[in-house]
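K.L.:
Could you slot chains B and F onto chain Z? The hints should help.
For reference, the chains in residue letters:
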Amino acid sequence: VGAPVFQSDRIYESTPPGVIMGLAWTSMGGSSLYIESVLESSLTPKSQPHLSKTGQLGDVMKESTSIAYTFAKSLMATRFPKNKFFEKARVHLHCPAGATPKDGPSAGVTMVTSMVSLALNRPVSSNIAMTGEITVTGRVLKIGGLKEKTIAAKRSKIDTILFPKDNLSDWEELPDHIKEGMTGIPVEYYEDVYKVCFPDVSKEDAENVW
Amino acid sequence: VGAPVFQSDRIYESTPPGVIMGLAWTSMGGSSLYIESVLESSLTPKSQPHLSKTGQLGDVMKESTSIAYTFAKSLMATRFPKNKFFEKARVHLHCPAGATPKDGPSAGVTMVTSMVSLALNRPVSSNIAMTGEITVTGRVLKIGGLKEKTIAAKRSKIDTILFPKDNLSDWEELPDHIKEGMTGIPVEYYEDVYKVCFPDVSKEDAENVW
Amino acid sequence: VGAPVFQSDRIYESTPPGVIMGLAWTSMGGSSLYIESVLESSLTPKSQPHLSKTGQLGDVMKESTSIAYTFAKSLMATRFPKNKFFEKARVHLHCPAGATPKDGPSAGVTMVTSMVSLALNRPVSSNIAMTGEITVTGRVLKIGGLKEKTIAAKRSKIDTILFPKDNLSDWEELPDHIKEGMTGIPVEYYEDVYKVCFPDVSKEDAENVW
Chain Z
1 VGAPVFQSDR IYESTPPGVI MGLAWTSMGG SSLYIESVLE SSLTPKSQPH LSKTGQLGDV
61 MKESTSIAYT FAKSLMATRF PKNKFFEKAR VHLHCPAGAT PKDGPSAGVT MVTSMVSLAL
121 NRPVSSNIAM TGEITVTGRV LKIGGLKEKT IAAKRSKIDT ILFPKDNLSD WEELPDHIKE
181 GMTGIPVEYY EDVYKVCFPD VSKEDAENVW
Chain B
1001 VGAPVFQSDR IYESTPPGVI MGLAWTSMGG SSLYIESVLE SSLTPKSQPH LSKTGQLGDV
1061 MKESTSIAYT FAKSLMATRF PKNKFFEKAR VHLHCPAGAT PKDGPSAGVT MVTSMVSLAL
1121 NRPVSSNIAM TGEITVTGRV LKIGGLKEKT IAAKRSKIDT ILFPKDNLSD WEELPDHIKE
1181 GMTGIPVEYY EDVYKVCFPD VSKEDAENVW
Chain F
2001 VGAPVFQSDR IYESTPPGVI MGLAWTSMGG SSLYIESVLE SSLTPKSQPH LSKTGQLGDV
2061 MKESTSIAYT FAKSLMATRF PKNKFFEKAR VHLHCPAGAT PKDGPSAGVT MVTSMVSLAL
2121 NRPVSSNIAM TGEITVTGRV LKIGGLKEKT IAAKRSKIDT ILFPKDNLSD WEELPDHIKE
2181 GMTGIPVEYY EDVYKVCFPD VSKEDAENVW
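Residue numbers (the working numbering), protein chains in the order written: chain Z, 1 to 210; chain B, 1001 to 1210; chain F, 2001 to 2210.
The following block holds chain Z by itself, in its conformation from the complex:
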């Protein structure tokens, strides 16, 4: 935990709608891991929904993308039934860098947030990073490497980190010098993530985006 730890791997100063910072963890330590969702082609009355995935994603992470897509669609359909984004949109989800193989389920909540952010055409605060596996019903499951991820978030100038409630004891065991200046928010269901990331979205706004 020396000097290079606080070197940022942040590639966005402020993030546009659809871009969310997740956190990865390898044997080499933690790092930020952006999820980017964009609209592939413009929405037309005839366009058909589709999801493309790039970024050298492994099998688990590809499935995780599908799970996130399903959950994001159901969240929008439930909350904002008149927002027809996902009925028409060709979404392309990319996870830079393009040559780095990535795998694992722990970017699930980040993917959901990326897609919901795009569907609402709203950016999420670029001071927030998050980690957590998502199930298809929106339950957030435990992840590994919370310590390394928190360090990575910190060096990327993040001040708020969302992590699975099932990792709460890991959070509590982190040394104070790591947690200093960081707000940790445990999340059990995606609902908890939504409230933090999209605090002021009115139904009217959300249903008149596209």
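No wet-lab data here; the hints were simulated from the structure.
Treat the hints with caution; some may be incorrect.
What the hints assert, rightly or not - Each computed DSBU-like pair below joins lysine-lysine, with the alpha-carbon atoms no more than 30 Å apart: (1) B/Lys1157 to B/Lys1082; (2) B/Lys1102 to B/Lys1046; (3) B/Lys1053 to F/Lys2046; (4) F/Lys2046 to Z/Lys88; (5) B/Lys1165 to B/Lys1053; (6) Z/Lys142 to B/Lys1084; (7) B/Lys1084 to F/Lys2157; (8) F/Lys2046 to Z/Lys84; (9) F/Lys2046 to F/Lys2088.
Claimed, not checked - Label pairs and their in silico Cβ distance ranges: (10) B/Ser1027 to F/Pro2081: 51 to 61 Å; (11) Z/Glu13 to F/Thr2100: 56 to 66 Å; (12) F/Glu2087 to Z/Glu204: 43 to 53 Å; (13) B/Thr1078 to Z/Met28: 51 to 61 Å; (14) Z/Ile185 to F/Glu2063: 48 to 58 Å; (15) F/Pro2081 to B/Lys1062: 30 to 40 Å; (16) Z/Thr54 to F/Glu2087: 20 to 30 Å; (17) B/Asn1127 to Z/Thr160: 30 to 40 Å; (18) B/Asn1208 to Z/Asp200: 47 to 57 Å; (19) F/Trp2210 to B/Lys1195: 26 to 36 Å; (20) F/Thr2137 to B/Lys1062: 32 to 42 Å; (21) Z/Thr160 to F/Glu2063: 36 to 46 Å.
As the list claims (entries may be wrong) - Here are a few chain B residues that face chain F, going by a calculated C-beta distance under 7 Å: (22) Ser1064; (23) Thr1070; (24) Arg1139.
Note that beta-carbon positions come from the ideal geometry of N, C-alpha and C, so glycine has one too.
P.N.:
Positioned in the frame of chain Z, the structure of chains B and F alone reads:
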């Protein structure tokens, strides 16, 4: 059968429609294994039926999903012909955790129940867990590891376990301290599962869900 | 040929339409092998024909399913031109048990019978088992392991076994204690199978099923 055995791996206190607890068995012992089915996008007059599968399912388990899908559709078509759910629904079946490879046919009855629960928009009691291979006609076939699965169910606070009738002798041989507080229900056809899981569904209710 | 030989692997006491007992043969001996065909979704004016296959079928057996499907369709079109089942039906053919890999062409006649039984919505007597490769014109070809298959049929309480006429000498060489209580019927064309399995189907009945 020491202390950690009764540590729960239950991720849902109460389960929404479409979420059912199955039971898995590995060389490391038994564990609960949820099957989650959700609607991927809202039902519209133009929507086309589809089934997606995620959860690092092996070949046998993927086929098992198709078999369960076919049987769930035929059950609904036979019992509740006016329930048009499966003629329109894009169903996404997921089996968390997303990074754990899973295989084998013994989640068949759990998958059927998950899909029927979704089609009826009815939760199943979260005190029930089940295991059994399903054939495409609804016959429930023998599984392995009933002892380990029963222990797993018990530590997940399950009080009712459905298992294949062909495993009845395995059940009878289980020590009393394992079966204590558990009701074991042998099932030969899916019909037997249906009666336990959906005891009070009227035809009228079932046909006016969606 | 000791005691366990007569232990039944029969999973159906009586078989519904679409379920037929075939016979398999491995280095470990013979066993019954059910072929189950069901309708995946109800017939509607707009439904499109399709065939799904499950049961860990090898390449040869998958091709065999396609051959059987073609022949079953041509049989129905020739005999009962007003029966439009195969023009609309999504058929799902499964071969339990789901985790057991299976291969080889010798379930051909069983597959045809399963599909024809479904198309006619008529069960076949559950005392009949059969084995034989089918060609796309309905010719029944020689199979291996008739002795082991006959023993398996017997222990499953079958009293009538249909086998390829090209295996007649194998049948004649079987010891009397195996054949005792069994009727062996050599078949050369599928026509011969049809007569035994569907003895009393009138054209009128067959054309007014669906």
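K.L.:
Evaluate each hint against the coordinates.
P.N.:
Comparing the hints with the structure gives:
Taken as a hint, the B/Lys1157 and B/Lys1082 pair is broken in the structure, with Cα atoms around 37 Å apart against an allowance of 30 Å. For the given pair, B/Lys1102 sits about 34 Å from B/Lys1046 by alpha-carbon distance, which is inconsistent with the 30 Å threshold. A hinted pair counts as satisfied when its Cα atoms are at most 30 Å apart, and B/Lys1053 with F/Lys2046 qualifies at roughly 26 Å. The straight-line distance between the Cα atoms of F/Lys2046 and Z/Lys88 is roughly 25 Å, inside the 30 Å bound, and the hint therefore holds.
Restraint check for B/Lys1165 and B/Lys1053: satisfied, since their Cα atoms lie roughly 28 Å apart, inside the 30 Å limit. Our distance criterion of 30 Å between C-alpha atoms is broken by Z/Lys142 and B/Lys1084, whose separation comes to about 37 Å. Taken as a hint, the B/Lys1084 and F/Lys2157 pair is broken in the structure, with Cα atoms around 41 Å apart against an allowance of 30 Å. Under the criterion of a C-alpha separation no larger than 30 Å, the hint pairing F/Lys2046 with Z/Lys84 is consistent with the structure, at around 27 Å.
For the suggested pair F/Lys2046 and F/Lys2088, the alpha carbons sit about 8 Å apart, so the restraint of at most 30 Å is met. B/Ser1027 and F/Pro2081 have their C-beta atoms about 57 Å apart, which keeps the hinted 51 to 61 Å range intact. Distance hint check: the CB atoms of Z/Glu13 and F/Thr2100 are about 58 Å apart, consistent with the given range 56 to 66 Å. Between F/Glu2087 and Z/Glu204 the beta carbons are some 50 Å apart, a value that agrees with the proposed interval 43 to 53 Å.
The hinted range of 51 to 61 Å is satisfied by B/Thr1078 and Z/Met28, whose Cβ atoms lie roughly 56 Å apart. Separation of Z/Ile185 from F/Glu2063 is about 56 Å and conforms to the stated range, judged on CB atoms against 48 to 58 Å. Between F/Pro2081 and B/Lys1062 the C-beta distance comes to about 38 Å, which sits within the given range of 30 to 40 Å. About 42 Å separates the C-beta atoms of Z/Thr54 and F/Glu2087, a value inconsistent with the hinted range of 20 to 30 Å.
Take B/Asn1127 and Z/Thr160: their Cβ atoms lie about 38 Å apart, and the range 30 to 40 Å holds. Between B/Asn1208 and Z/Asp200 the beta carbons are some 37 Å apart, a value that contradicts the proposed interval 47 to 57 Å. With their beta carbons about 29 Å apart, F/Trp2210 and B/Lys1195 fall inside the hinted range of 26 to 36 Å. In this structure the supplied range 32 to 42 Å holds for F/Thr2137 paired with B/Lys1062, their Cβ-Cβ distance being about 34 Å.
Remark: the range hint 36 to 46 Å for Z/Thr160 to F/Glu2063 is contradicted by a beta-carbon distance near 58 Å. At a threshold of 7 Å, the smallest CB-CB gap from B/Ser1064 to chain F is about 6 Å, leaving the interface hint in force. Annotation: interface hint on B/Thr1070 holds; nearest CB of chain F at approximately 4 Å, less than 7 Å. Because the smallest distance between the Cβ of B/Arg1139 and any Cβ of chain F comes to about 6 Å, under 7 Å, the interface hint for this residue holds.
Checked against the numbered hints above, the structure violates hints 1, 2, 6, 7, 16, 18, 21; every other hint is satisfied.
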